[in-house]
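Undergrad: What follows is the residue order along each chain.
There are 2 protein chains.
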Amino acid sequence: MVEFTRVQEDDLRRLCEEVFLGMGLTREDALITTDVLLAADLRGIDSHGVARLSFYYDGLKSGLMKARAETQVISETPTTALIDAGGGMGAPVSYRAMQKAIQKAQDLGLGMVTVRNSNHYGIAGYYAMMALDAGCIGMSTTNSAVFVVPTYGRDARLGTNPIAVAAPAGEERPYVLDMATSVVPFGKLENYSRLGKSIPLGWATDEQGLPTTDPVGLVKTMRGGSRLGGISPLGGHSEEQGGHKGYGLAVLVDVLSAVLPGALYANAVYPTTDEGKPKPSGIGHFFSAIRVDAFRPLDEFKASMDDLQRRLKTAPKAEGQERIYIHGEKEFEETERRKRDGIPLNPKVVADLTRVAGELGIAVKL
Amino acid sequence: MVEFTRVQEDDLRRLCEEVFLGMGLTREDALITTDVLLAADLRGIDSHGVARLSFYYDGLKSGLMKARAETQVISETPTTALIDAGGGMGAPVSYRAMQKAIQKAQDLGLGMVTVRNSNHYGIAGYYAMMALDAGCIGMSTTNSAVFVVPTYGRDARLGTNPIAVAAPAGEERPYVLDMATSVVPFGKLENYSRLGKSIPLGWATDEQGLPTTDPVGLVKTMRGGSRLGGISPLGGHSEEQGGHKGYGLAVLVDVLSAVLPGALYANAVYPTTDEGKPKPSGIGHFFSAIRVDAFRPLDEFKASMDDLQRRLKTAPKAEGQERIYIHGEKEFEETERRKRDGIPLNPKVVADLTRVAGELGIAVKL
Numbered sequence: 001m002v003e004f005t006r007v008q009e010d011d012l013r014r015l016c017e018e019v020f021l022g023m024g025l026t027r028e029d030a031l032i033t034t035d036v037l038l039a040a041d042l043r044g045i046d047s048h049g050v051a052r053l054s055f056y057y058d059g060l061k062s063g064l065m066k067a068r069a070e071t072q073v074i075s076e077t078p079t080t081a082l083i084d085a086g087g088g089m090g091a092p093v094s095y096r097a098m099q100k101a102i103q104k105a106q107d108l109g110l111g112m113v114t115v116r117n118s119n120h121y122g123i124a125g126y127y128a129m130m131a132l133d134a135g136c137i138g139m140s141t142t143n144s145a146v147f148v149v150p151t152y153g154r155d156a157r158l159g160t161n162p163i164a165v166a167a168p169a170g171e172e173r174p175y176v177l178d179m180a181t182s183v184v185p186f187g188k189l190e191n192y193s194r195l196g197k198s199i200p201l202g203w204a205t206d207e208q209g210l211p212t213t214d215p216v217g218l219v220k221t222m223r224g225g226s227r228l229g230g231i232s233p234l235g236g237h238s239e240e241q242g243g244h245k246g247y248g249l250a251v252l253v254d255v256l257s258a259v260l261p262g263a264l265y266a267n268a269v270y271p272t273t274d275e276g277k278p279k280p281s282g283i284g285h286f287f288s289a290i291r292v293d294a295f296r297p298l299d300e301f302k303a304s305m306d307d308l309q310r311r312l313k314t315a316p317k318a319e320g321q322e323r324i325y326i327h328g329e330k331e332f333e334e335t336e337r338r339k340r341d342g343i344p345l346n347p348k349v350v351a352d353l354t355r356v357a358g359e360l361g362i363a364v365k366l
Numbered sequence: 001m002v003e004f005t006r007v008q009e010d011d012l013r014r015l016c017e018e019v020f021l022g023m024g025l026t027r028e029d030a031l032i033t034t035d036v037l038l039a040a041d042l043r044g045i046d047s048h049g050v051a052r053l054s055f056y057y058d059g060l061k062s063g064l065m066k067a068r069a070e071t072q073v074i075s076e077t078p079t080t081a082l083i084d085a086g087g088g089m090g091a092p093v094s095y096r097a098m099q100k101a102i103q104k105a106q107d108l109g110l111g112m113v114t115v116r117n118s119n120h121y122g123i124a125g126y127y128a129m130m131a132l133d134a135g136c137i138g139m140s141t142t143n144s145a146v147f148v149v150p151t152y153g154r155d156a157r158l159g160t161n162p163i164a165v166a167a168p169a170g171e172e173r174p175y176v177l178d179m180a181t182s183v184v185p186f187g188k189l190e191n192y193s194r195l196g197k198s199i200p201l202g203w204a205t206d207e208q209g210l211p212t213t214d215p216v217g218l219v220k221t222m223r224g225g226s227r228l229g230g231i232s233p234l235g236g237h238s239e240e241q242g243g244h245k246g247y248g249l250a251v252l253v254d255v256l257s258a259v260l261p262g263a264l265y266a267n268a269v270y271p272t273t274d275e276g277k278p279k280p281s282g283i284g285h286f287f288s289a290i291r292v293d294a295f296r297p298l299d300e301f302k303a304s305m306d307d308l309q310r311r312l313k314t315a316p317k318a319e320g321q322e323r324i325y326i327h328g329e330k331e332f333e334e335t336e337r338r339k340r341d342g343i344p345l346n347p348k349v350v351a352d353l354t355r356v357a358g359e360l361g362i363a364v365k366l
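Protein chains in written order, with this note's numbering: chain W, 1 to 366; chain G, 1 to 366.
There could be a bad hint or two in this list.
[Said to hold, decoys possible] Straight line, CA to CA, 30 angstroms or less: simulated DSS-like cross-link-like pairs of lysine-lysine: (1) G:Lys188 with W:Lys313; (2) W:Lys277 with G:Lys313; (3) W:Lys279 with G:Lys302; (4) W:Lys277 with G:Lys317; (5) G:Lys100 with W:Lys302; (6) G:Lys100 with W:Lys188; (7) W:Lys220 with W:Lys277; (8) G:Lys100 with W:Lys100; (9) G:Lys317 with W:Lys279; (10) W:Lys317 with G:Lys279; (11) W:Lys66 with W:Lys330; (12) W:Lys317 with G:Lys188; (13) W:Lys317 with G:Lys277.
[Stated by the list, open to error] Computed footprint of chain G on chain W; a stretch qualifies when at least three of its residues, placed anywhere within it, have a C-beta under 8 angstroms from a C-beta of chain G: (14) 324-336; (15) 343-356.
Just so you know, the hints here were simulated from the structure itself, not pulled from any lab data. Since this is a predicted model, take the numbers as computed values, not measurements. Ideal Cβ placement from N, Cα and C applies to all residues, glycine included.
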């Protein structure tokens, strides 16, 4: 039985800020990066919250991620921009890129900004949701480390490549889709592997490209960078259940987030030197905003969003089921709970945070 | 053994044009609608080609679709537009809406046009592909007849809601994703039902919301409009294999294609009178174009698209598999075959076409 430690949001926030300041980020960048991490923790997306702090810390320490990178606008039009992140942290440049997309949408109806030469940016949903208060539909995608096998392939060639879209509602909560384009994220295989449990058939294929229920060997080879076997695209490993569609969505994310800005794509991301040492990830991101009232009055749109949601939520339930959810709903409810009761951290995360804080001489009580 | 009749593209094209002219469409609208249907037939998407001619014919005859509708631009900005299709045919208004989106992208980098009060528009991929020659990434979505069950629901509440995206390449063929957001389209259930075959578990759920292998009862209730049971979203009926993601994508298509333009959405589409008589479908569409060179030079983008495709196609194959496809590749190859060998029509389609031609007094040899 794993003992979780519950930590209040503000305490975690302070710790993250101090760590990022300690690693040389500007105050503003430290606040942004912390806010993106905490948003994941509050929403219950534990894999992308402070559990990643040591990953960022190690990246900054080794120089793979730059604490103070020079970002550069490579090209810009009234509706679009391409930003080179200069190998810096993913969150700050992404926050500003989405702000820019929203500003362009305010001015001209639509805004789209892409980023290259960046790093892991946290949860895609954070950036999509930034559009909500501006009366916009927000969207973000990013490519990512190589874990996903193309349909009828044997080795991983694509990332779990998330897509996030957020749309405002009126009395109901906003619609927030934030999904990997694979059946499951890598973290889920890791959890099963750690617990010695079999994974359901359909999640992953082995080094022959055949469905497997064994996560252990898979996690080992994938972590080792050999990329033999991997996670199946949404819809599974073959065309029978539509796996080619999930594969197509993963490619789409590579096109928008990486080919469009000129970032690294497919299995070219997270390259290594000839000696096998890691080089900067080279990944890219995509951000867009659509101003709703360029099409129709925002209050009418919101009323329709409410009605759409209610038509789904009040529909008859399948046998044994009690609830139909709207995307984002679980996460909004979890945020309320965690703001009240604290954020549960597993012992491994507590140990990681303690190590990082210790190395930086930050006093921490968890 | 079903005998297929092979018909040359030009003969089918002439027949469709004459039918649409006979039903009162302008010459230009007849040509556009025909081109959209033939594109489906050539690409091998038989369910959306001339197999639908009698559906359009019946719609026009009954007045549910107007042959000469008055379309109206409801709102317009330099980057966006909202068009009311006036209850006309889906294809002509969609063709012009996508042209408008492309023109806006030529002028300002991005263009987005939504349409309401429309009808079935054929294959989504047709409109996305219109952007290719303009050096743009094209996208289109549409909502559609209610066949898809939300995760943990019992009844259908959403359409198979396709998403299409096309991106230009250099020496390789363009990337063309054109996918229903459900595991399979309704036509596939119909095929299995007709042949008396079981469907694979995962495609659909019955009137208790539980997975079923029996398509017969399902097709009957769904055709009858009672919408008990239905097709599962991409990822299946539960969260285990990611069905909530396909469900989320289906909702996204409703947001973009229907809520944004103020069209009917969810299970409000294809309404009926109190006496159960069909009223106009009321569906909507979404079109967008992104001019690539607003971000980076088109030739560089195309070279990266080629490289991305080759990294996937040349990857090691799963045991028993010989080929990894890029989206659109199968359809481009099928188009070449069918342009050469003719388009195979099954007897039911031949009978439908003969009936329609007969009623309009059009001489036809199939």
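Undergrad: Regarding the pair Lys317 of chain G and Lys279 of chain W, is the alpha-carbon distance no greater than 30 angstroms?
TA: Roughly 28 angstroms between the alpha carbons, so the hint for Lys317 of chain G and Lys279 of chain W holds.
Undergrad: Decide if the proposed pair is consistent with the structure: Lys279 of chain W and Lys302 of chain G, CA atoms, cutoff 30 angstroms inclusive.
TA: holds (26 angstroms)
Undergrad: Is the Cα-Cα distance between Lys220 of chain W and Lys277 of chain W 30 angstroms or less?
TA: holds (18 angstroms)
Undergrad: Straight-line Cα separation of Lys100 of chain G and Lys100 of chain W no greater than 30 angstroms?
TA: holds (25 angstroms)
Undergrad: For a C-alpha distance cap of 30 angstroms, please report whether Lys100 of chain G and Lys188 of chain W respect it.
TA: Violated: Lys100 of chain G and Lys188 of chain W sit about 44 angstroms apart, past 30 angstroms.
Undergrad: Closer than 8 angstroms, Cβ to Cβ, for at least three residues: run that test on the segment 324-336 of chain W against chain G and report holds or violated.
TA: Answer holds; 4 residues pass the 8 angstroms Cβ test.
Undergrad: Starting from Lys317 of chain W, check that the Cα of Lys279 of chain G is at most 30 angstroms away, please.
TA: Distance ~28 angstroms between Lys317 of chain W and Lys279 of chain G Cα, so the pair holds.
Undergrad: Lys277 of chain W and Lys317 of chain G: Cα distance at most 30 angstroms?
TA: With a Cα-Cα distance of about 28 angstroms, the restraint between Lys277 of chain W and Lys317 of chain G holds, given a limit of 30 angstroms.
Undergrad: For a C-alpha distance cap of 30 angstroms, please report whether Lys277 of chain W and Lys313 of chain G respect it.
TA: Holds, at about 27 angstroms.
Undergrad: Taken at face value, is the distance from the CA of Lys277 of chain G to the CA of Lys317 of chain W at most 30 angstroms?
TA: holds (28 angstroms)
Undergrad: Can the restraint linking Lys100 of chain G and Lys302 of chain W be considered satisfied, given a maximum Cα separation of 30 angstroms?
TA: Between Lys100 of chain G and Lys302 of chain W the Cα gap is close to 26 angstroms, so the pair holds against 30 angstroms.
Undergrad: Three or more residues of the segment 343-356 of chain W near chain G by CB distance under 8 angstroms?
TA: Violated - the segment 343-356 of chain W has 0 residues with a Cβ nearer than 8 angstroms to chain G, which falls short of three.
Checked against the numbered hints given earlier, the structure breaks hints 6, 11 and 15 and satisfies all the rest.
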